[in-house]
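Start from the sequences and build out the full structure, keeping to the hints where you can.
Chains as they are written, first to last, in the numbering used here: chain A, -12 to 246; chain B, 50 to 175.
Simulated from the structure, these hints should not be mistaken for laboratory data. The beta-carbon is built from N, C-alpha and C at its ideal position, and this holds for glycine as well. Errors might be hidden in some of the hints.
Derived DEER-like restraints, expressed as beta-carbon distance ranges [stated by the list, open to error]:
#: 1; chain 1: A; residue 1: PRO23; chain 2: B; residue 2: ILE140; range: 24 to 34 Å
#: 2; chain 1: A; residue 1: SER129; chain 2: B; residue 2: ALA112; range: 13 to 23 Å
#: 3; chain 1: B; residue 1: ARG97; chain 2: A; residue 2: TYR236; range: 42 to 52 Å
#: 4; chain 1: A; residue 1: GLN235; chain 2: B; residue 2: GLY105; range: 35 to 45 Å
#: 5; chain 1: B; residue 1: ARG161; chain 2: A; residue 2: PRO199; range: 53 to 63 Å
#: 6; chain 1: A; residue 1: PRO242; chain 2: B; residue 2: ASN102; range: 38 to 48 Å
#: 7; chain 1: B; residue 1: SER100; chain 2: A; residue 2: LEU36; range: 25 to 35 Å
#: 8; chain 1: A; residue 1: LEU237; chain 2: B; residue 2: ASP149; range: 52 to 62 Å
Pulled a few chain A residues facing chain B out of the computed Cβ check, cut under 7 Å [said to hold, decoys possible]:
#: 9; residue: GLU26
#: 10; residue: VAL29
#: 11; residue: ALA30
#: 12; residue: THR62
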Amino acid sequence: MTPADAPPPVATYALRLGDDALVLAQRLSEWAAKAPELEEDVALTNIGLDLLGQARSLLAYAGETVGGPGGQARTEDDLAFLRGEREFLNCQLVEQPGGDFATTIARQLLFSAYQYELYLALQDSRNDTLAAVAAKAVKEVSYHRDHATQWTLRLGDGTEESHRRMQDGLDALWPYTAELFEVDDLLRALVGDGVAADPERLRPAWASYLEPVLVEATLDVPETSRAPSGGRRGVHTETLGYLLAEMQYLHRCHPGATW
Amino acid sequence: MMAAPEGSDFQSEGGHGAVPTADVPATSPGSRTRREWPLWEVFVRAKRGLSHNHVGSLHASDADMALRMARDVYTRRSEGVSIWVVPATVITASSPDEKDPFFAPAADKVYRHPTFYDVPEGVRHL
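Structure, rendered in structure tokens:
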């Protein structure tokens, strides 16, 4: 791709945020009809629907902005269902399998605490669309974070088994949080323009939210130097391919299918 | 309002208002190791100025979780501005067996309804 063909940076940024929301929404939908309790089933899928709504706004905006072959705009469906794995720009954290319920809660806690700070900051973006999406989403994510926090406290400070599972989930997913705060050239330029939120400024707020929660839940902050990365460049763990196969199957078999 | 079926375990009458009393894990909240979550009755206020109405029930591990679950289960379509959750065990309900002593005596006292009285001719401001 020559620089002249490169999509506008803001479109790539919107894709990154939109793909985070889309992939996590798909992961949460996997709990439909399988959660430990009916009430929790509804809660997790509700959260997934919030994320799907955010993904739709962000992908629709990216599609209008990026254009496709011949300069035609791409719809949110084109972007969701007709891109391959290497074209998805989500962070690797959201694609990680939900595992047991505690692992899902760990993923929710780590990601929603990040996404909350992100949207909080993005409300002041110079880009009107991103600011509007963030202003709506921050209320949703505030609830997601609270939901994950409540469960983290109960599982962490619950029974021996629930504590073990919660700690295992945190340990497994913690390395993937490094990628949330990575800065590359594209992001640096957008931060400079006042369009994107500065990840380096999100991190302290993220950490200071999590710390007391983990302490109260009697959980240890995992110590690790592992920091897998690459999602923002389309490099993913093996699991994303399977997720997309399931998510995209119907649209690819029946192009343009609606209901 | 529907009458409770014969031999029903429900104490109060009818669909959503039913409070089951037998074979239901409606234990009091508090214990951390309980396997079944206790039952909570959910009341939602539709908007300011109206009272909270009973909308249903759910299982939750404790009051805080019950409130959040009630939000997810009962207010997904903007049904409310305020939620109460109450442990089902603290509700004392009238029994279907006592239906007659409780409610029948009111049936023949039509004079308790304002429609029983004729308004005399010429009375204004009534």
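Hint check results:
1. A hinted range of 24 to 34 Å for the beta carbons of PRO23 (chain A) and ILE140 (chain B) is consistent with their spacing of about 26 Å.
2. Remark: the range hint 13 to 23 Å for SER129 (chain A) to ALA112 (chain B) is upheld by a beta-carbon distance near 20 Å.
3. The beta-carbon spacing between ARG97 (chain B) and TYR236 (chain A), approximately 47 Å, falls within the hinted interval of 42 to 52 Å.
4. In this structure the hint that GLN235 (chain A) and GLY105 (chain B) lie 35 to 45 Å apart at CB holds, the actual value being about 37 Å.
5. About 59 Å separates the C-beta atoms of ARG161 (chain B) and PRO199 (chain A), a value consistent with the hinted range of 53 to 63 Å.
6. For PRO242 (chain A) and ASN102 (chain B), the Cβ-Cβ distance of about 47 Å falls inside the hinted range of 38 to 48 Å, so the restraint holds.
7. Checked against the given bound of 25 to 35 Å, the beta carbons of SER100 (chain B) and LEU36 (chain A), roughly 30 Å apart, stay inside it.
8. The beta-carbon spacing between LEU237 (chain A) and ASP149 (chain B), approximately 59 Å, falls within the hinted interval of 52 to 62 Å.
9. A least Cβ separation of about 4 Å between GLU26 (chain A) and chain B falls short of the 7 Å threshold, and the interface hint therefore holds.
10. For VAL29 (chain A), the interface hint holds, since its Cβ comes within 7 Å of a Cβ in chain B; the closest pair sits about 5 Å apart.
11. Satisfaction of the interface hint for ALA30 (chain A) is found here, the shortest Cβ-Cβ separation to chain B being roughly 4 Å, below the 7 Å cut-off.
12. Given hint, THR62 (chain A) at the interface with chain B, is violated; its Cβ is 27 Å from that chain's nearest Cβ, farther than 7 Å.
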